[in-house]
Amino acid sequence: MSKGLEGNDNRGARELGAEEKVGWDEVTQGVVLHSFVGESKNAAFLKPEERVYNDFNSYTATVASWRIIKPIYNRDICIDCQNCWVWCPDTSIISRDKQMLGIDYDHCKGCGVCVEVCPTNPKSLLMFNEAADNDAELENWPVKEKKAK
Amino acid sequence: MTEIRWHSRAGQGAVTGAKGLGSVVATTGKQVQAYALYGSAKRGAAMNAYNRIDDEPITNQETKMFPDFVFVIDPALAFSDDITKNDKPDTQYIITTHLSKEDLIAQIPALQDKADRTYVVDCMQISLDTIGRAMPNTPILGAFMKISKMYELDFFLENMKKVLAKFPQKIIDANMDAITRAYNEVK
Amino acid sequence: MAKEFELNEVEVWDGNYAASQALRQAQIDVVAAYPITPSTPIVEGYGAYVANGYVDGEFVMVESEHGAMSGCVGAAAAGGRVATATSSQGFALMTEVLYQASGMRLPIVMTVVNRALASPLNVRGDHSDMYLGRDSGWIQIDAFNAQEAYDLALCAFRIGEHLDVRLPVMMHQDGFTTSHKAQNVYPLKDSIAYEFIGKYIPVDDMLDFSRPVTHGAQTEEDWHYEHKAKQHKALMDSRTVIDDVFADFKELTGREYKRVESYMMEDAEVALVLLGSSVETAVLAAKQLREEEGLKVGVVAPRCFRPFPYDLVRDALDVSSLKAVCCLDKSAPGGAMGALFNEVSAAAYSTKARPMMTNYVYGLGGRDFAVDEAKRIMKEQKAHADAGHITTDIQQFSGLRGPKLGFFKTRRD
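Chains as they are written, first to last, in our numbering: chain H, 881 to 1029; chain V, 11 to 197; chain X, 333 to 745.
Careful: at least some of the hints might be erroneous.
[As the list claims (entries may be wrong)] Covered stretches of chain X, going by a simulated chain V footprint (3 or more residues, C-beta under 8 Å):
(1) 569-578
(2) 600-613
(3) 701-709
[Stated by the list, open to error] With a straight-line Cα cutoff of 25 Å, these simulated SDA-like cross-link-like pairs (lysine to any residue) come out:
(4) H:K901 - X:V535
(5) X:K714 - X:M596
(6) X:K565 - H:K921
(7) V:K98 - X:D704
(8) X:K562 - H:K921
(9) X:K590 - V:P67
(10) V:K40 - X:L584
(11) H:K921 - X:P544
(12) V:K172 - X:A383
(13) V:K74 - X:N454
(14) V:K176 - X:E336
(15) V:K176 - X:G379
(16) V:K171 - X:E336
(17) V:K159 - X:N454
(18) X:K565 - H:L913
(19) X:K531 - H:V912
(20) V:K95 - X:V703
(21) V:K172 - X:N454
(22) V:K98 - X:G731
(23) H:K921 - X:F541
(24) H:K921 - X:G411
(25) X:K560 - H:E906
(26) H:K901 - X:E336
(27) X:K582 - V:A144
(28) H:K901 - X:A561
(29) H:K901 - X:K531
(30) V:K40 - X:Y518
(31) X:K619 - V:M11
(32) V:K40 - X:V703
(33) X:K560 - H:V912
(34) X:K711 - V:K176
(35) V:K111 - V:Q122
(36) H:K901 - X:A383
(37) H:K921 - X:W555
[To be verified] Only part of the chain X face toward chain V is listed, based on derived beta-carbon distances under 8 Å:
(38) L339
(39) V342
(40) V344
Hint data in this document are derived by calculation from the structure and do not stem from the laboratory. Owing to the predicted nature of the structure, the values given are computational and were not obtained by experimental measurement. Don't be surprised by glycine CBs; every beta carbon is placed ideally from N, CA and C.
Between the sequences and the hints, there should be enough to build the whole structure, so can you do that?
Take a look at the structure:
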């Protein structure tokens, strides 16, 4: 699966639940889960791909295999309204400086909410079978629908 | 060990009085307990407070006691409470009343054979005259000092001032007057 | 900076006031509380200290005890030194959150003033609420009088906050009997008390933005068991830290505490095992019986209810002269032998002496425990010892009106 536009090395590095099962002596005190490896000063001001996520952070897990259908994103039509970024329940719309960059396919579960909320005509996001070829579908993107009179 | 049982109504300051006495006693190197049985009692309900005083640390946590002194700080309780409960042959009674000792004893069968160890003092009238309201808890301690000879009056007054230090000077002075009057008037 | 509170060398304090002074000296950051009889004055006192500038902290008013403990969990996870107080029904309402606090390893200190659990409604002291907490994963330390309520509240912070422990601590005292009984208390000066407790060292605090953390994660069967085992290990291992803190406290004050207090056990033929303020009454009774009748009676009192001091209870009962032991439970056992009986008997089973074990339920709802009654029970143990077998029912009831109530006979002779 594609890493998305700026995914770093350990995003989606393992299947969710496939982390190493350590013994009682190695689990964290108080079931505390650290977001990052070591200190991460100013983490709030770093892009996700610049942060060093911990193995137990969901960023390093992937749920791509859960998906039956997937959204494909068409940059040529998108107006960067950020509606999909706001609505996505899995933070899987990648956007920088209010410019939409694409889908985080490691965390997208294929719910289709982004397509529902996309206001353009034709839509800038459409759902396809998981096995569909992104480039081929972009070639055959639907054209603008005329308003019914 | 000296043991004291207070008969009071909730709101008359028996707990404060018992703790005040305890605080004075503790400054002289003795060990004290001051406690009460009230729980969810409402203002006006009959209740007991207790003191234990000893030279050694007191470990008896039993509530019941066989008192050396009984303080009755509400006049009506002398008639309605079982004030001679767990009495000893030398238990002494200090009772707040406007009656003379003879008249009081004549009306309370349980005190008939205890005239030589029953004392009366009108802490209600004394506190009304000095403090301005019915607050019999501090005057009874003045009477107690006279009867028990536990401490000299002046020593007790000085130490009670410290116990009452959080109150305005006027209240402290009124309490000192009340204690002194009860010390002088107890019979 | 908080103002210093002027204290005399000896004060006449009740257990509630003593505990509230200890909380003040610990300079707690947050108290979230919902006052309930008989522990109300602890919270009231703390509120007054905050309002009058004796503490630099926050008093958080909440809508229930569930909210109180939830507030404590939040404040402790954020990285503050946190405490609260409760009793009885309030304790029961907190129970759900008590397990969160211990599982999240948050060293909250709770001063519990033991009170009966309804129904029937009752404000007086017994150990129902203390027993309710016994599987909650908290350290439970028991004070027998007001001085101990002060001393052990100070120790509670040191124990719970120790980096090898990091567990919440309940400091128990008996409702009314201790909480409302004023006695001589010898407090430490503010600066000395604070120095003993030490500055709070946060661990995995949520307000440390350089190390963001998730608290309260969900685990299913693949992780839960390991976490609970680690937590149990920490609780069991806290025994040595408790011993060390008590040793430091003795060095500072001369007042000695042990995880299990034992009195006159060296040559004891019979013994009582019990908790709380009744321990003092029982010791007095044992001394009197030794003087009056030459009866060799001892008393054993687990100061530390959790972690249960299996090791030291066994040591205290491993006396070759010991023949009969009675464990007294001040909580309605609800269809079982008393919890103290069960746990002490288990420890006694691994001694060489293996004394006869019996159980009394007593003092429910604040029923007075008298010196004479303690003596009667001690003499009954002597009768078992002389007969060579338990001569009564194994579980009996002390100070109960009505026909004699008892359960189970021994099969040992």
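Now the hints, each set against the structure:
1. 569-578: Coverage by chain V is violated here, the residue count being 0 at a Cβ distance below 8 Å.
2. 600-613: holds (count 4)
3. 701-709: Coverage by chain V holds for the stretch 701-709 of chain X (3 residues, Cβ < 8 Å).
4. H:K901 - X:V535: holds (24 Å)
5. X:K714 - X:M596: holds (15 Å)
6. X:K565 - H:K921: The given pair, whose Cα atoms are some 33 Å apart, is violated under the 25 Å limit.
7. V:K98 - X:D704: holds (17 Å)
8. X:K562 - H:K921: violated (30 Å)
9. X:K590 - V:P67: The given pair, whose Cα atoms are some 19 Å apart, holds under the 25 Å limit.
10. V:K40 - X:L584: holds (23 Å)
11. H:K921 - X:P544: With Cα atoms ~10 Å apart, H:K921 and X:P544 stay inside 25 Å; holds.
12. V:K172 - X:A383: The given pair, whose Cα atoms are some 23 Å apart, holds under the 25 Å limit.
13. V:K74 - X:N454: The given pair, whose Cα atoms are some 19 Å apart, holds under the 25 Å limit.
14. V:K176 - X:E336: Holds: V:K176 and X:E336 sit about 17 Å apart, inside 25 Å.
15. V:K176 - X:G379: Holds. V:K176 to X:G379 sits at ~18 Å (cutoff 25 Å).
16. V:K171 - X:E336: Answer holds: V:K171 to X:E336 is near 22 Å, not above 25 Å.
17. V:K159 - X:N454: violated (41 Å)
18. X:K565 - H:L913: Status holds; Cα separation ~20 Å.
19. X:K531 - H:V912: Given that 25 Å is the threshold and the Cα spacing comes to 23 Å, the pair holds.
20. V:K95 - X:V703: Answer holds: V:K95 to X:V703 is near 18 Å, not above 25 Å.
21. V:K172 - X:N454: violated (36 Å)
22. V:K98 - X:G731: holds (24 Å)
23. H:K921 - X:F541: holds (7 Å)
24. H:K921 - X:G411: holds (18 Å)
25. X:K560 - H:E906: holds (12 Å)
26. H:K901 - X:E336: Status violated; Cα separation ~52 Å.
27. X:K582 - V:A144: violated (47 Å)
28. H:K901 - X:A561: holds (15 Å)
29. H:K901 - X:K531: violated (36 Å)
30. V:K40 - X:Y518: holds (13 Å)
31. X:K619 - V:M11: holds (16 Å)
32. V:K40 - X:V703: holds (22 Å)
33. X:K560 - H:V912: The hint holds at about 13 Å.
34. X:K711 - V:K176: violated (50 Å)
35. V:K111 - V:Q122: holds (11 Å)
36. H:K901 - X:A383: violated (50 Å)
37. H:K921 - X:W555: Distance of about 30 Å is beyond 25 Å: violated.
38. L339: For X:L339, the interface hint is violated, since the closest Cβ of chain V sits about 13 Å away, which is over 8 Å.
39. V342: At about 5 Å, which falls below the 8 Å cut-off, the nearest Cβ of chain V leaves the hint on X:V342 intact, so it holds.
40. V344: Because about 4 Å separates X:V344 from the closest Cβ in chain V, which is inside the 8 Å limit, the hint holds.
Violation of the numbered hints given earlier is confined to hints 1, 6, 8, 17, 21, 26, 27, 29, 34, 36, 37 and 38; the remaining hints are satisfied by the structure.
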